[in-house]
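Each chain, letter by letter, is given below.
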Amino acid sequence: MRRAPSFSTQIIIGALLVTAIVGITTMWVTNGARSAANDAANKVTEFYLQEFAGRRSQMVSAAIDEEFDQMHRALQIIDPHDLTSQETLRKFLAKVETAYGTGRFAIVDEDDVVYTRYATYSGGSRYDFLSGGMLQRGEVVSATDLYGASKQVCLAIPVSGLSFMGKELKACFVQVDIESIVAGLALDSDEGKTFFGLYYGNGENLTELDFGPFVADENLLEAMRGSLDANTWDALQKDFYEGRQGGVEFSYNGVRQTLYYSPIPDTNWMLTVLVADDMIQSQVRSIGDEMAVRSNIQILVTAAALLIYFGAIIARTRKTSAAMLAIERQNTRNAGERAQKSEQELGEVKQIAYKDALTGAKSKYAYTEEEAVIDEAIAQGKALSLAVVVCDVNGLKHINDTRGHAEGDEYIRSAYKLICEVYASSPVFRVGGDEFAVLVRDEDFERRNELLNYLNQRVEKNMEGGEVVVAAGMADLEPKDERLFVAFHRADQRMYARKAELKEMGAQVRE
Amino acid sequence: MHGRGGGKNLLRNGVAVRVLAGLMAAVVLLVVFQRGGVSSAIADTNSTPQDAPAEKAANSAVDFEHELDGYAPKKNHYNFYLTYKIVHPWWDAVALGMEDAQRQYLEKGITVTYEYLAPTEPSAEDQRQRLLQAAKGPYDVIGVDVADEAVITPVIDELVAEGKKVMTFSSSDAAKGCKRIAYVGNTHNYEDGALLAEALCKKLGYKGKVAILVGTEGAPCHEDRARGVQDTIAKYENMEVVDVAYDHDSVNHARELTDEFLNKYKDLAGIVCCNMSNPVGAARAVASAHRNVAIVGMDHDREALRYLRDGVIYCLGVQDCYSIGFDTIQTAVKIADGERPGKLYPEAADEKTTIIYQDDASDMLGMLYGELR
Numbered sequence: 001m002r003r004a005p006s007f008s009t010q011i012i013i014g015a016l017l018v019t020a021i022v023g024i025t026t027m028w029v030t031n032g033a034r035s036a037a038n039d040a041a042n043k044v045t046e047f048y049l050q051e052f053a054g055r056r057s058q059m060v061s062a063a064i065d066e067e068f069d070q071m072h073r074a075l076q077i078i079d080p081h082d083l084t085s086q087e088t089l090r091k092f093l094a095k096v097e098t099a100y101g102t103g104r105f106a107i108v109d110e111d112d113v114v115y116t117r118y119a120t121y122s123g124g125s126r127y128d129f130l131s132g133g134m135l136q137r138g139e140v141v142s143a144t145d146l147y148g149a150s151k152q153v154c155l156a157i158p159v160s161g162l163s164f165m166g167k168e169l170k171a172c173f174v175q176v177d178i179e180s181i182v183a184g185l186a187l188d189s190d191e192g193k194t195f196f197g198l199y200y201g202n203g204e205n206l207t208e209l210d211f212g213p214f215v216a217d218e219n220l221l222e223a224m225r226g227s228l229d230a231n232t233w234d235a236l237q238k239d240f241y242e243g244r245q246g247g248v249e250f251s252y253n254g255v256r257q258t259l260y261y262s263p264i265p266d267t268n269w270m271l272t273v274l275v276a277d278d279m280i281q282s283q284v285r286s287i288g289d290e291m292a293v294r295s296n297i298q299i300l301v302t303a304a305a306l307l308i309y310f311g312a313i314i315a316r317t318r319k320t321s322a323a324m325l326a327i328e329r330q331n332t333r334n335a336g337e338r339a340q341k342s343e344q345e346l347g348e349v350k351q352i353a354y355k356d357a358l359t360g361a362k363s364k365y366a367y368t369e370e371e372a373v374i375d376e377a378i379a380q381g382k383a384l385s386l387a388v389v390v391c392d393v394n395g396l397k398h399i400n401d402t403r404g405h406a407e408g409d410e411y412i413r414s415a416y417k418l419i420c421e422v423y424a425s426s427p428v429f430r431v432g433g434d435e436f437a438v439l440v441r442d443e444d445f446e447r448r449n450e451l452l453n454y455l456n457q458r459v460e461k462n463m464e465g466g467e468v469v470v471a472a473g474m475a476d477l478e479p480k481d482e483r484l485f486v487a488f489h490r491a492d493q494r495m496y497a498r499k500a501e502l503k504e505m506g507a508q509v510r511e
Numbered sequence: 001m002h003g004r005g006g007g008k009n010l011l012r013n014g015v016a017v018r019v020l021a022g023l024m025a026a027v028v029l030l031v032v033f034q035r036g037g038v039s040s041a042i043a044d045t046n047s048t049p050q051d052a053p054a055e056k057a058a059n060s061a062v063d064f065e066h067e068l069d070g071y072a073p074k075k076n077h078y079n080f081y082l083t084y085k086i087v088h089p090w091w092d093a094v095a096l097g098m099e100d101a102q103r104q105y106l107e108k109g110i111t112v113t114y115e116y117l118a119p120t121e122p123s124a125e126d127q128r129q130r131l132l133q134a135a136k137g138p139y140d141v142i143g144v145d146v147a148d149e150a151v152i153t154p155v156i157d158e159l160v161a162e163g164k165k166v167m168t169f170s171s172s173d174a175a176k177g178c179k180r181i182a183y184v185g186n187t188h189n190y191e192d193g194a195l196l197a198e199a200l201c202k203k204l205g206y207k208g209k210v211a212i213l214v215g216t217e218g219a220p221c222h223e224d225r226a227r228g229v230q231d232t233i234a235k236y237e238n239m240e241v242v243d244v245a246y247d248h249d250s251v252n253h254a255r256e257l258t259d260e261f262l263n264k265y266k267d268l269a270g271i272v273c274c275n276m277s278n279p280v281g282a283a284r285a286v287a288s289a290h291r292n293v294a295i296v297g298m299d300h301d302r303e304a305l306r307y308l309r310d311g312v313i314y315c316l317g318v319q320d321c322y323s324i325g326f327d328t329i330q331t332a333v334k335i336a337d338g339e340r341p342g343k344l345y346p347e348a349a350d351e352k353t354t355i356i357y358q359d360d361a362s363d364m365l366g367m368l369y370g371e372l373r
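Chains as they are written, first to last, in the numbering used here: chain A, 1 to 511; chain B, 1 to 373.
Bear in mind the hints are in silico, worked out from the structure with no lab data behind them.
Remember, predicted model here, so these are calculated numbers, not experimental data.
All the given hints hold, so there is nothing to weed out.
Derived Cβ-Cβ restraints for the label pairs, each shown as a range:
#	chain 1	residue 1	chain 2	residue 2	range
1	B	L344	A	D128	37 to 47 Å
2	B	E256	A	G132	18 to 28 Å
3	B	T111	A	E139	24 to 34 Å
4	A	T84	B	E256	37 to 47 Å
5	B	T111	A	A40	55 to 65 Å
6	B	D243	A	N253	43 to 53 Å
7	A	E168	B	D243	35 to 45 Å
8	A	G132	B	E217	22 to 32 Å
9	B	R291	A	K43	53 to 63 Å
10	A	V255	B	R291	45 to 55 Å
The beta carbon of each residue, even a glycine, is placed where N, CA and C say it ideally should be.
Here chain A stands alone, though its shape is the one from the complex (with noise of 0.2 Å):
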């Protein structure tokens, strides 16, 4: 048959139980949280890059515009007299890049000659500001693709009323280091995750700086076609060319990329901002694996704590089960002990009951039950070799009469004492006060004539000694005799015969 699971077993499954519950739901809760979190994380990202880009834009706009207030200022401090000889103007372009700390500061007449601090140079093919009348449209941004690609870029202003050495001058300019200005822009804080870049809407590179995954001298455009569907690539062409914010993710060499580009106004240019998404996802899941580090924690502090909760539990149950079990023993032991004390008691009682106080014969409650027995017994139509005697003790009332009952109770214990001398193989009872009843068995029995003959002499022969005097009638029990009673009547009836030879013989009776 199979054994059902001990308490301490299905204690011990349900605490695993418990805590698998535990477990499973506090992961399902972590799991929803880290989600959220990442989207979160990534909405925010978005919303902050976005104003990141943007806000990064109108840094590099604002550094433009700072350096064509500069060219201006330095345009109205110019006096003739700087323009008086080449050392002069080269004094006045040094002077003008040391206070307002420009790059190349630079002023260029009709023919398209410049003029710099250290240097006098044709820039007709050198700077594409100086042609195609891009002057006449006021402040013009521009970048120079040297050779070398040792871009820069150019901001210059036209110039009027100005003439050096007889040639009207016709335009100022500063040279500004592109990178300086991408630098500019770059974050200490971010381990180099995120990339800031300059582009023109073509999706050339204004710097010789990479671009992220992006070497300096690729198109930003063309190199990100092949990472993008048509349609995505040619919305982000799009916004380029004509100048608009977005931004664009994309898997590129096997890495998440978010590209977030804001156009520098006044300008053909974007600023770019690169964000590897694993940055991102690597903040969030650093976020996430705390989350789910503490919920781990808890999981296990929840399982130690249940384990221990129900562990004391066994143990309280065990320790109970222990008291309560020697108790039930303590109890058993006691019930046993009482009711052995019981049978013992009842035993003696018993025994009390059985046995005559004064004689130590049988008494009468110990012959009924043997009459009970031997009734059981002829009904069951066992022969059995059975006689009964009935004796009564001749005189006892006259003793009692004349010496007091202590005599009369020693002249009864003589009689029971005359009784057991004759048949000592039998059992003998007190049946009355002064009547004893033997069931004559065994040997006793096959010599029941012999003895009770003895027992007449021995009477006869007390009655002359003034002893005691028993009369004595017997009786067998007889296969006819349905019961004890029956042949203990015939013997009674025999002893009262045996009464009448006495008093003749001088016995004294009662009467």
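Once you have looked at the hints, place chain B on chain A.
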């Protein structure tokens, strides 16, 4: 954000990344070994185009990493006058080398100022006037990229006789026997022309009709190259120079001349271009006419490099303009100090030319112009 794009990152699995990286490395190594290196197609003036692997990659055609030599200038300030043939991007590249040298001297506390001027149209007379005017100025050294050696050499000699320190630089030296102190620039224009012609002849199987475009008449560099071209082609009996024309360093003119060639010679097989503007104009015309005419030419013009990349131009000889500019200033300082050619600097500095082919064009565009690979 538009939420566009979005291929999944398939390489997140670290094991997959390592395995793929290993495979990629193996593939790259295999390709490199099979190709004999990425720079195999580059040849300089000392090598046979496409026959022998070059020692350096395309980006070695121009050396942007220069440092001043150990010479200690005797003055704290130098002022030079430098004039050249024509306002053109080729000389803007030379100017960048000059500016680098100037910056490096400034870091040593030595101020170098200079004028670096040219006319917008090539003119020996304009150059002569500039030199004569410069002779009156406070210049330590006068440098000239000779527009026409017949016209300018006497002027140089005259100035030297007056005690002026005159040097030649960049593309063209003065005539032999000129008293100029030194020359910094291309000393092998004839050889460059010969190499370009040899490359073309080989490509054409040493037969066919060829036209030659030259820059400015009398410009030594252009003329020397043209002679190198003619002499090379003359070696092959099945090849013929059918025409020679001068574009005067004008791209538009070069195109017009090429159109004329194409119309005039229906079986024209090739064009050799001896200056920077020639190949641009020639390529425009050939591309427009959809003619199968091989073009070889000079220099690093961005448009020419694009035509090279696209297969319209067969090869280009790229000069190291940056080094020419840098060495010009460095040599001028020594000349200003009265040093003579010899240990400190050569009488004629040999600046290299590298012949590049289609495979190198993208690298060169990237290196010089930051353009898409």
